[in-house]
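Place chain B with the ligands on chain A using the hints.
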Amino acid sequence: MAEKNQGDNSPDTKELNTPLLDELEEGPWPSFVTDLKALSRKKPQVAQLLNQLEESYEDRWNYWTGTVLNVSGYGGGVIARLSEKKDKYPDLAQFHTIRIIAPPGFVYSTKALRNLAEICEKHGTGILQLHGLTGDILALGFDDEGTFAAAEDLMENGWDLGGSGAALRTMQCCVGQARCEMACFDTMKTTRSLTNHYISLLHRPEFMYKFKIKISGCANDCANAMIGADMPIMGTWRGPMQIEQAKVAEFIDEKGVEYVIDNVITRCPTRCISLKGKELVVDHEDCVRCMHCINVMHKALKPGKERGITICLGAKRTLKIGDTMSSVIVPFMPLETEEDFEKLTDLIDRIWDFWNDNSMDHERIGEFIARVGLATFLEGVGLEPDPRMVDRPRTSPYIKFEELAPGPFEGEQKQEPPVWNREPESSESA
Amino acid sequence: MNGTKLAPRDQGAPDYTKFLHPAMARNYGKWDYHERIRPGVLLYVAENGDTLYTVRAGSPRTMSPDLIRKICDIADRYCQGYLRFSMRTNVEFMVEDEADVEPLIEAIKTELGFPIGGTGPSISNIAHTQGWLHCNLPGTDAAGAVKALMDDLIEEFENERFPNRVKIATSCCQINCGRHADIAIIVQHHHPPRIDHTNMQICELPKVVAICPVAAIRPAVVDGNPSVEVVEEKCMYCGACHGQCPSMEIRDADTDTLSIWVGGKGSNARTGPSLMKLAVWGLPNNPPRWPEVSAAVRRILETYKEEGKDWERVGEWIERIGWQRFFEKTGFPFTKYHIEDGPQAMWTYNRSTHVRI
Ligand code: SF4
Ligand code: SF4
Ligand code: SF4
Ligand code: SF4
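Chains as they are written, first to last, in our numbering: chain A, 1 to 430; chain B, 431 to 787.
It is possible that part of the hints are untrue.
Claimed, not checked - As a list, the in silico BS3-like pairs of lysine-lysine whose alpha-carbon atoms are at most 27 Å apart: (1) Lys278(A) / Lys739(B); (2) Lys320(A) / Lys664(B); (3) Lys664(B) / Lys739(B); (4) Lys448(B) / Lys122(A); (5) Lys739(B) / Lys302(A); (6) Lys664(B) / Lys255(A).
Unchecked claim - To give an idea of the chain B side of the interface with chain A (calculated C-beta under 10 Å), a few residues: (7) Leu436; (8) Glu528; (9) Ala557; (10) Asn566; (11) Asn780.
What the hints contain is simulated information worked out from the structure, not anything from laboratory work.
We put the CB at the ideal spot given by N, CA and C, even for glycine.
Chain A with its partners taken away, still in its complex shape:
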């Protein structure tokens, strides 16, 4: 039954035969199978896609292999796939995905979205995934020529390819100030500015491995940065949060004092909130900006006025040393002016330089820091140690104090002034 034709829609490859997938047309949730079946009437390769997927369901086996395909001038952005069943499904012989950089915050005009659908339909199947876990728009189903043509057409219309491989990846942010009162900085602007500043590193893999930046306007982390990005950039504030006591009283009247005790006071991670009658008192020096009380009482409470970001490093999924989480690298810095932005890019440059110069092949930054140690890493990128970077000081007493080791010639410790009583170095980071 192997078809050796040129994919000219012979009846055998066009016919849908998908009893297992048909079961996914049942049920109330919108079915991608139903939608793709409708598309298969226009696009014979989609019928082949469904038939191959049916075989995967039947055999519990996958029939795609990966390869490399690059658009002229780019070192990534295309996830190239070849079907192992190309004899049977000739139109799947080349069936690639193009990653396209999505507008920050995933906002669209219908004009832009229609334009995207039209280009992808013209040169491929037109199947779009909004959005991939990488934060890209994923456009599926192009052969080699279609990929090149679609890329030109997309770029002619102002779209650009996303990242893949050992490169800076497409950035992703929450909706932020465009529609959220919690946002502590302009996530969309930061995402676009950083993307465009580093666009060359996104398109041409030069790193030891991938590097993901995700950006959330506050600690609620709607962009899933803390456990999903090598570098989460998180909105926060310095100084007291804003409290409107009249609205606190309204909230207490409406919900009752027990609700406030159970759901606000006792849920504060640092127990820094108390009630004085119908007044909410926050010891802002102990507030860790977790956002919980603001989430519950968002009409009465708001982030403080002096806003900025916390920068973390290190999250990634399982490969290779197991899952890692991000940890604080810069406790606070403002991000409003051009100068602030330059400070941020300067820090990112230093981080990338040190990582790429010293890491091993396939070593994400979290794995790299785990291997060399945070102390060494901080020295390497020129940041001062800060207690906000750790849960607790060390418990192991085996320490090589550089200052206290007698030098090879002078035989004396460098105890001038005494190390235990030195002025702390400025903890103003970055």
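Below, chain B with the ligands alone, put in the same frame as chain A:
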């Protein structure tokens, strides 16, 4: 491209300011508060009193161009030609006038067949991976498993009945590009990779050897050809080598299973972010609808709904009641495989006499 002029390169991220709903553009950075009017409908109020009603609809994520156009038709009719997508593949339609909300919902339901929900303490749409539809590594499908699961859980998408929001994720291989989530479904392999010695790419050999996290792969000569061998006692079936080299096949249609993990959290609200932990293992990889997975997820969700207190995410609820009671209440067995191994393992043992008896 036969010498044709190339389109401009390196343009970067699109200019989002052109894609903002007019009310978003007017009130950028000037929002005051929001309210959940009802499941799936949020009202945002700006400092100047402007209102923006957002209706959240669950999409199937993988969409044909015609379906995209139908979405655009609705946004043109009701939303001044603008829309957005949430992180978890929901479509968000926005209108300024409350009177437009009902007709908009009607249009979404009848023209798209999308459910309305995913706000507040509900189950949001499932963020998922590529699976058999388009990845080269998967041991299972993602879109199909998600469709089946959401069919089962749609009422929990359309209502706000949990202590807090529930995020669910899937991964279709041990590379796990799916996220940490309140509840996650993962593939497990059960034996070392099978090596196709005839097809070994010699140039890739050092990379394959280097990628193994436990140094189980070493170069070897097999039948006179350079290849590799795997030290089976060391191998933990992670499949890292398979990602590097297709000749190291880790998947097995007959023996791969699925497992369920709980308690992942990205948000910093209250407790800090946390990784998810093993809850249930050994579930069959059973397309097209994976009923065993749906049943297990539902059992965990029902228990959480019953027992969790307001604002507790799944992981926070379990931290409070303790793992012993989690296993008791859900009825899943706690086994030796639930105990962490590796160098950090001792920090996960109970290092106190705090025991519920
Ligand atoms: S992360 Fe914070 S600022 Fe961003 S959308 Fe979520 S709640 Fe709003
Ligand atoms: S933001 Fe978090 S830490 Fe700060 S007062 Fe509110 S609950 Fe406490
Ligand atoms: S989880 Fe694995 S199989 Fe699934 S899309 Fe990611 S890499 Fe591919
Ligand atoms: S499956 Fe993992 S542990 Fe086993 S040989 Fe491959 S990389 Fe090493």
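To see whether the hints hold, each was checked on the structure:
no. : hint                  : verdict
1   : Lys278(A) / Lys739(B) : holds (24 Å)
2   : Lys320(A) / Lys664(B) : holds (15 Å)
3   : Lys664(B) / Lys739(B) : violated (43 Å)
4   : Lys448(B) / Lys122(A) : holds (24 Å)
5   : Lys739(B) / Lys302(A) : holds (24 Å)
6   : Lys664(B) / Lys255(A) : violated (57 Å)
7   : Leu436                : holds (6 Å)
8   : Glu528                : violated (17 Å)
9   : Ala557                : holds (6 Å)
10  : Asn566                : holds (4 Å)
11  : Asn780                : violated (18 Å)
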